[in-house]
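**Student:** Mind docking chain P on chain G? Use the hints.
One-letter residues, chain by chain:
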Amino acid sequence: MSFIHTLVNGEQESFKPATLTPMQKMILRFVVVGLVYYGFAVVEGMIMRLYEITPIPTVPTQQFFAIMTAHPLVGIFGSTYAIVFGTFLFLVPFLMKKPLWSIPLANWTCGLLAVGTFTFWFAGFLSEYAPLYTLYWPLPADFTQFSLWGGTFFIVGIALVMVGTVLFVVNIFKTISYTPAGWAKQPAGALIGSALGLSGLQAFFSKNKKEHLVSLPVAAIARGTVDTALNAGIILFTGVLILVYMVAALLGHDLRHSAVDALLYKNWFWWGLDLIADGLVLIFVAGTWYLLATLITGKKLYMENFARAALFVEMVVSWTVWSHHLMSDQAQPGILKTVSGEMVTSFELITQGLAFFITLVTLWSARPLKMTHPLKFLLGGLLGFALAVPAGIMQADLGLNRILHNTQWIIGPHVHVAVLVGLTMTLYSAIYLLFPLVTNGAKLYSEKLAVFHFWAHLLGGIGMGAFMGMAGLQGMLRRSLYVNGEFNGYMILAALSGALLLFAFLAFFFNIVMSLGLEGVLGIFTPSRLDTKEPLPAN
Amino acid sequence: MVDSSIVLWGQTLAYTFYVLAIMALMGWFARRVTQPGESRDVKPALFYSFVAFLVVLGVSLHFITYYTIPWKPMDMHRATITPDKVFDISVASHTFQLPSEKLIIACDDKVLFNVTSRDLTYGFGLFRNDHSMLFQMQVVPGHKNDILWQFDKPGVYTIRSTEYSGPAGVNMTLKDVVVVSCEKS
Numbered sequence: 001m002s003f004i005h006t007l008v009n010g011e012q013e014s015f016k017p018a019t020l021t022p023m024q025k026m027i028l029r030f031v032v033v034g035l036v037y038y039g040f041a042v043v044e045g046m047i048m049r050l051y052e053i054t055p056i057p058t059v060p061t062q063q064f065f066a067i068m069t070a071h072p073l074v075g076i077f078g079s080t081y082a083i084v085f086g087t088f089l090f091l092v093p094f095l096m097k098k099p100l101w102s103i104p105l106a107n108w109t110c111g112l113l114a115v116g117t118f119t120f121w122f123a124g125f126l127s128e129y130a131p132l133y134t135l136y137w138p139l140p141a142d143f144t145q146f147s148l149w150g151g152t153f154f155i156v157g158i159a160l161v162m163v164g165t166v167l168f169v170v171n172i173f174k175t176i177s178y179t180p181a182g183w184a185k186q187p188a189g190a191l192i193g194s195a196l197g198l199s200g201l202q203a204f205f206s207k208n209k210k211e212h213l214v215s216l217p218v219a220a221i222a223r224g225t226v227d228t229a230l231n232a233g234i235i236l237f238t239g240v241l242i243l244v245y246m247v248a249a250l251l252g253h254d255l256r257h258s259a260v261d262a263l264l265y266k267n268w269f270w271w272g273l274d275l276i277a278d279g280l281v282l283i284f285v286a287g288t289w290y291l292l293a294t295l296i297t298g299k300k301l302y303m304e305n306f307a308r309a310a311l312f313v314e315m316v317v318s319w320t321v322w323s324h325h326l327m328s329d330q331a332q333p334g335i336l337k338t339v340s341g342e343m344v345t346s347f348e349l350i351t352q353g354l355a356f357f358i359t360l361v362t363l364w365s366a367r368p369l370k371m372t373h374p375l376k377f378l379l380g381g382l383l384g385f386a387l388a389v390p391a392g393i394m395q396a397d398l399g400l401n402r403i404l405h406n407t408q409w410i411i412g413p414h415v416h417v418a419v420l421v422g423l424t425m426t427l428y429s430a431i432y433l434l435f436p437l438v439t440n441g442a443k444l445y446s447e448k449l450a451v452f453h454f455w456a457h458l459l460g461g462i463g464m465g466a467f468m469g470m471a472g473l474q475g476m477l478r479r480s481l482y483v484n485g486e487f488n489g490y491m492i493l494a495a496l497s498g499a500l501l502l503f504a505f506l507a508f509f510f511n512i513v514m515s516l517g518l519e520g521v522l523g524i525f526t527p528s529r530l531d532t533k534e535p536l537p538a539n
Numbered sequence: 001m002v003d004s005s006i007v008l009w010g011q012t013l014a015y016t017f018y019v020l021a022i023m024a025l026m027g028w029f030a031r032r033v034t035q036p037g038e039s040r041d042v043k044p045a046l047f048y049s050f051v052a053f054l055v056v057l058g059v060s061l062h063f064i065t066y067y068t069i070p071w072k073p074m075d076m077h078r079a080t081i082t083p084d085k086v087f088d089i090s091v092a093s094h095t096f097q098l099p100s101e102k103l104i105i106a107c108d109d110k111v112l113f114n115v116t117s118r119d120l121t122y123g124f125g126l127f128r129n130d131h132s133m134l135f136q137m138q139v140v141p142g143h144k145n146d147i148l149w150q151f152d153k154p155g156v157y158t159i160r161s162t163e164y165s166g167p168a169g170v171n172m173t174l175k176d177v178v179v180v181s182c183e184k185s
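Top line first, the protein sequences correspond to chains G and P. Just so you know, my numbering puts 130 at position 130 of the first sequence, and the rest follows in order with no gaps. Just so you know, my numbering puts 171 at position 171 of the second sequence, and the rest follows in order with no gaps.
Here chain G stands alone, though its shape is the one from the complex (with noise of 0.2 Å):
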């Protein structure tokens, strides 16, 4: 078969979009969407490497720093928020054997994802809109430096990404809820109550003890999406008040910037922002896991009760940590820093070490297993987690910190190591796994492909974040630039295993389109012909 042919077709013509369900369109199109979105994300990563090396003449400063701005909202809103959520929304009523409660909401949400990731990132880049992601108040609002306009639109953007959001939080707990047509009634309280985790609590000071109504990946997913809820409220309403400012200003009108409270707005802000970091990423990875882990070996999950309990304590732990981020802020009290910012962060080493632990354990009882790709790249999300979670443990140290914070420390080996490592390659294990599924049957171009793709990632990525890391902790600050070649060893490698990450993309990617044909593509994005609510066709 030729080139073009499998090009056009796919692999062996064995993707036929119009055998998928409305389901299995809906879970492919977020994916789509989401791995667009992190190929924009690895182009304005690979920019920003070549640039801390030497600043590129045709990129100015300003524009430099609105990349910088965009590329992580980029990430995590237009590639994360769209695999993850498309996978939730696929997987809950798969789970649950029940219909998703709105198929046309969940669209919807893969639509406002899209169109308010390119809306920001577009006016980002078209006004140079470089407050950075922080938005330390009243920096979003710093006319003197922004463009009014580029900073109006991309407000919207994120503002079109959250309303996708809450369609999803929407969704999510209305299908764990509802009775479909035709059931018997459903206890939607009761479903809610084991979801989040009260059934549980309440039955842990009960002699009674009762089965859970959903099952763990379910109860991760609700927690985790409680977590994702609370953020999208947080960063609606600070994305309402900058606009507030900004249409004062395009009326004539310039507000008082001390109306408001810096550092209340810092910790406003980061009780929000870690409601991503610290919350429905840990949670929703460690669901993941567990929901891997099980489907791999086929056997029950090591200690069930206390991976469950783990996960509550991770969704009310989210709630109390932000205060690692404001270590440095001398007015910040001190409480605050040695409870919320030390110990109650350090319940991440433990939420997140039993999840390891659990994992690993569970893969252990059922050896010998095939060195599949969704168990490699499993091995490998582990391994990031394992590496960037304790680096954050010790930068949430008010020694440490004194000496870390806002270093490449930080973005290095505890952000993107997390990030790319850790969660980018649970993803990639979530998608491996259920290709085969969401396709039904689709073959995958290339299994070498797959492999490169595994081992460029995990060493791109491990690489990237040590050697930024290494700069980090000889003085070198995030969010700047050093004009001089001052850590030009260390960046150079860094961009290198930042080259790695692009061609592990590239290649992944390459794959995936060889796999389902350029009309197999342009076939996900047409109505199904099926109609029926069901996950899988009926055959």
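In case anyone wonders, no lab produced these hints; they're calculated from the structure. Source: prediction; values computed, not measured. Mixed in with the good hints, there may be bad ones.
[As the list claims (entries may be wrong)] In the EDC-like style, the derived pairs of lysine to aspartate or glutamate whose C-alpha atoms are separated by at most 20 Å in a straight line are:
1. P:Lys110 with P:Asp130
2. G:Lys300 with P:Asp84
3. P:Lys85 with P:Asp109
4. P:Lys175 with G:Glu486
5. G:Lys299 with P:Asp84
6. P:Lys144 with G:Glu486
**Tutor:** Structure of chain P alone, referenced to chain G:
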């Protein structure tokens, strides 16, 4: 006082050792999990021991640093410590305003840097000539931002903003403006 470079060196060693150990463990696991063998049940006692280990590790880190990193207790109790010298510094429009051209410090002095921002959030850090960091703090408008530090060896330091304040803040650097001298006059 223990220098921050020594603490960083210790951290580098500890984390590198941990990274090598966990990578070796995962490599070993990946190999063994594919090999045939008896899959004995992992006893709950091992699980509980692991939980206890994590609890002890997570909490003890902060106690260990409290008793080994001298600036940590000094920072937490700085309101009760009388400094030998105070420098009042202000920041506005991406520019540091120092009380004098050079900040001259005598060895072993406890020095309070009191930094005020009149507009945006900035950072305040001291850096050695090899670009490594001595310390830093955030400078938030409308709030008191002070840090107490004891200098026990001679040196020349550069002040640099350690927080992003827009592209205009990239060059917020005052080179070699802090001078610590151990010569007795």
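**Student:** Which of the numbered hints are not met once you compare them with the structure shown?
**Tutor:** 1, 2, 5 and 6
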